[in-house]
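The chain contents come next:
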Amino acid sequence: MGVVQGDQMVLNIGPQHPSTHGVLRLEVTTDGEIVSKITPHLGYLHRCFEKHAENVTYEQVIPFTDRCDYLASMNSNFGYVVAMEELMDIEISERVQYIRVIMAELNRVASHLLALGVYGLDIGAFTPFLYMLRDRERILDMFEYTCGARLLYNYMWIGGVSHDLPKDFVKICVNFLDYFEPQIEEYNNLLTFNKIFIERTADVGVIPAEVAISYGVSGPNLRGSGVKWDVRKDEPYSIYDRFDFDIPTGTGEFGTLGDCFDRYWVRMLEVTQSVRIIRQALKDLPEGDVFETMPKKIRPPAGSVYRRTESPRGDLGYYIVSDGTPSPTRVKMRSPAFTALSCLDEVSSGWMISDVLAILGSLDIVLGEIDR
Amino acid sequence: MSRYLTNIYDTVNTLWTGMQITFRHMMNIRRDNVTLQYPEERWPRPERNIGFNHEDYNVIRSRLHVDIDDCIGCYRCERACPVDCIKIDTIKSERGEDIPKVNHTGVTSNGTKKGFVVSRFTIDMSECCFCNLCTYPCPEECIFMVGGPNSSKHPIDYEFSEVDRKDLIYQFAKKLTPKQKSGLSPIEKKAEA
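Going line by line, the protein sequences match chains Y and A.
Everything in the first sequence is counted per the numbering used here, starting at 1 for the first residue and increasing by one.
Everything in the second sequence is counted per the numbering used here, starting at 1001 for the first residue and increasing by one.
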């Protein structure tokens, strides 16, 4: 205060800006076109998830977890139910485990498709967005066929899943994967190796590995910086230790390690790995009853649990405290998108305003999860 | 200089690759068409048995529906609802007995004897979060999500849009006039005595 800086200007991006992926306001301090400081303002989408969860029963929390990360609801459900099962110490039937992995990976593909397509849209490529949404639509159709909802599923329940798979689901899913795998090649030709796209993203917004770790960035953003960390491999939950898949990391193919292109490219490679997991899971899918291991009354013993899972955006952790009553004492959600957003200021200072939107898009944040 | 020319070549080359894909899709537009002219054409709704005996109902969650003749007034769906959009009032009655003047049948289609007249059963679909949690605890399987006019019993349309928000509050209980309600209260007293 007091000192007038004539060449500095404060610019507000959002809350209703299409490139902010939700309702996020960025207070950008600029010098000409060069950004010197970014302050993200959150809370426009705050719905009191954690406080609300204290007033409902354990199974009623699950619809609210859907609405946190609304692009990957299955993964949000997955984290919560895995934590609850650890707290209650219940064994889950094999079929449920496989169904959950299939659903979570399908949703990871859907979420990454949206992230990649919208990233192209931010950069200025409109066609790949349409193609990716077209294929995402087919995944949502499969979810709709299974559980009746397209976006907010409430599908995974504590000890089971809400609906068994339809009889012909395996056939439909394999059909989709056969159709989908050649499409990845098409996306790459259309967007990834496009010279204009590479020029916009390579060398832009470099997150060095130590900066990423110190900010707690996780998921594809961390792997884009070359750190090989994936909860599915390093701290296997559910049955992820049974599947054979690789963890793609950034290599700095067209620029520096940890730039926007690496984060984009890691997501693209992860889609292929998810397809691999789904194929293995579909092959081994056992028969059985999905309601078999579901407890009649959900009343976990007094205690607490922290369990993290790999959502499409990174480490999704749930900390649940129970005092033995039917509703939780505390539910804390560790949001991966929040930590990704927190490093935006450090990463993007010194870049131009148009690059800030490229960096923000490459972080793939979901505001529903940040504000909760 | 050579770098400059390589850049130009790369740009034109990759753009051409992208354009080829777009052209290929444009040529195949009749075969690969994914856009539907919405009000005239619609996506096929997945039809599937949801595990209850209602073979005709599919899994689509478009709206909640209640077979009020089967409802025994146990409040389980109301308790299961995470957003409290279901509201039920009941009046106690003679167990299993028909009350013709309020159009009340005493026995459900499953053979359970009803002990209550459901005087109010409202679901505010503007509050509903479509989580499907209320349909599972129901002992008579009378509350369920519906997705369309796939049953002769429930000719319900696919999209449940309304002009007024008040119209989204669905009343499932049979309307009771105050006179009919006061007519029910002696039964209640008799049952208590």
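Check before you lean on any hint, since a few could be wrong.
What the hints assert, rightly or not - Selected chain Y positions facing chain A (Cβ under 10 Å, derived; list incomplete):
1) Ile13
2) Glu59
3) Thr127
4) Pro128
5) Phe129
6) Glu144
7) Ser162
8) Leu190
9) Phe193
10) Asn194
What the hints assert, rightly or not - Below are the PhoX-like pairs computed for lysine-lysine, each with C-alpha atoms no more than 25 Å apart in a straight line:
11) Y:Lys297 <-> A:Lys1101
12) A:Lys1166 <-> A:Lys1113
13) A:Lys1092 <-> A:Lys1166
14) A:Lys1087 <-> Y:Lys51
15) A:Lys1101 <-> A:Lys1087
What the hints assert, rightly or not - Some chain A residues flagged as far from chain Y (calculated, every beta-carbon gap over 10 Å):
16) Tyr1004
17) Asn1007
18) Asp1010
19) Asn1013
20) Cys1074
21) Glu1094
22) Pro1100
23) Val1107
24) Thr1108
25) Gly1115
26) Arg1120
27) Cys1129
28) Asn1132
29) Pro1139
30) Glu1141
I should point out that these hints are in silico values taken from the structure, not numbers from a laboratory.
All residues carry an ideal CB built from backbone N, CA and C; glycine is no exception.
Results for each hint:
1. For Ile13 (chain Y), the shortest C-beta to C-beta distance to chain A is roughly 29 Å, which exceeds 10 Å, and the interface hint is violated.
2. Because the beta carbon of Glu59 (chain Y) sits about 7 Å from the nearest beta carbon in chain A, less than 10 Å, this interface hint is met.
3. A hinted interface residue such as Thr127 (chain Y) counts as satisfied when its beta carbon comes closer than 10 Å to some beta carbon of chain A; here the least separation is about 6 Å, so the hint holds.
4. With a least beta-carbon distance of about 9 Å to chain A, the hint placing Pro128 (chain Y) at the interface is held under the 10 Å criterion.
5. Look at Phe129 (chain Y): its Cβ only gets to about 13 Å from chain A, farther than 10 Å, so that hint breaks.
6. Restraint check, Glu144 (chain Y) versus chain A: the minimum CB separation of about 6 Å is within 10 Å; hint holds.
7. Using the Cβ-Cβ criterion of 10 Å, the hint placing Ser162 (chain Y) at the interface with chain A is satisfied: the shortest such distance is roughly 6 Å.
8. Hint status for Leu190 (chain Y): holds, given a least beta-carbon distance of 5 Å to chain A, under 10 Å.
9. Interface hint at Phe193 (chain Y): satisfied, since its Cβ lies 6 Å from the closest Cβ of chain A, which is below the 10 Å cut-off.
10. Checking Asn194 (chain Y) against chain A by beta carbon gives a least distance of about 5 Å; that is within 10 Å, so the hint holds.
11. Annotation: proposed proximity of Lys297 (chain Y) to Lys1101 (chain A) is violated, straight-line Cα distance about 40 Å (limit 25 Å).
12. Simply put, Lys1166 (chain A) and Lys1113 (chain A) have alpha-carbon atoms about 34 Å apart, too far for the 25 Å limit, and the pair is violated.
13. Distance hint between Lys1092 (chain A) and Lys1166 (chain A) is unfulfilled; the C-alpha atoms sit about 29 Å from each other, more than 25 Å.
14. Proposed proximity of Lys1087 (chain A) and Lys51 (chain Y) is supported: the alpha carbons are some 24 Å apart, at most 25 Å.
15. Under the criterion of a C-alpha separation no larger than 25 Å, the hint pairing Lys1101 (chain A) with Lys1087 (chain A) is consistent with the structure, at around 24 Å.
16. At roughly 13 Å from the closest C-beta of chain Y, the C-beta of Tyr1004 (chain A) stays outside 10 Å, upholding its exclusion from the interface.
17. Annotated as non-interface, Asn1007 (chain A) brings its C-beta within 10 Å of a C-beta of chain Y; the closest such distance is 7 Å.
18. Once the 10 Å rule is applied to beta carbons, Asp1010 (chain A) is inconsistent with being away from chain Y; the minimum gap is 4 Å.
19. Distance check for Asn1013 (chain A) against chain Y: the nearest CB is about 8 Å away, which does not clear 10 Å, and the non-interface claim fails.
20. Distance check on Cys1074 (chain A): its Cβ is at least 16 Å (rounded) from any Cβ of chain Y, clearing the 10 Å threshold; non-interface status holds.
21. Distance check on Glu1094 (chain A): its Cβ is at least 32 Å (rounded) from any Cβ of chain Y, clearing the 10 Å threshold; non-interface status holds.
22. At roughly 38 Å, the least C-beta separation between Pro1100 (chain A) and chain Y is larger than 10 Å, which holds for a residue marked as non-interface.
23. With 10 Å as the threshold on Cβ separation, the claim that Val1107 (chain A) sits away from chain Y holds: the shortest Cβ distance comes to roughly 27 Å.
24. Non-interface call for Thr1108 (chain A) relative to chain Y: holds, since the shortest CB-CB distance, roughly 23 Å, exceeds 10 Å.
25. Taking the minimum C-beta to C-beta distance to chain Y, about 24 Å, the non-interface status of Gly1115 (chain A) holds against the 10 Å cut.
26. Listed as outside the interface, Arg1120 (chain A) is consistent with that label: its C-beta sits roughly 23 Å from the nearest C-beta of chain Y, beyond the 10 Å cut-off.
27. Residue placement check: Cys1129 (chain A) does not keep its beta carbon more than 10 Å from all beta carbons of chain Y (closest about 5 Å).
28. For Asn1132 (chain A), the requirement that its beta carbon stay farther than 10 Å from each beta carbon of chain Y is not met, with the minimum near 6 Å.
29. The beta carbon of Pro1139 (chain A) sits about 14 Å from the closest Cβ of chain Y, which is more than 10 Å, so the claim that it is off the interface holds.
30. The beta carbon of Glu1141 (chain A) is kept farther than 10 Å from every beta carbon of chain Y, the shortest such distance being approximately 15 Å.
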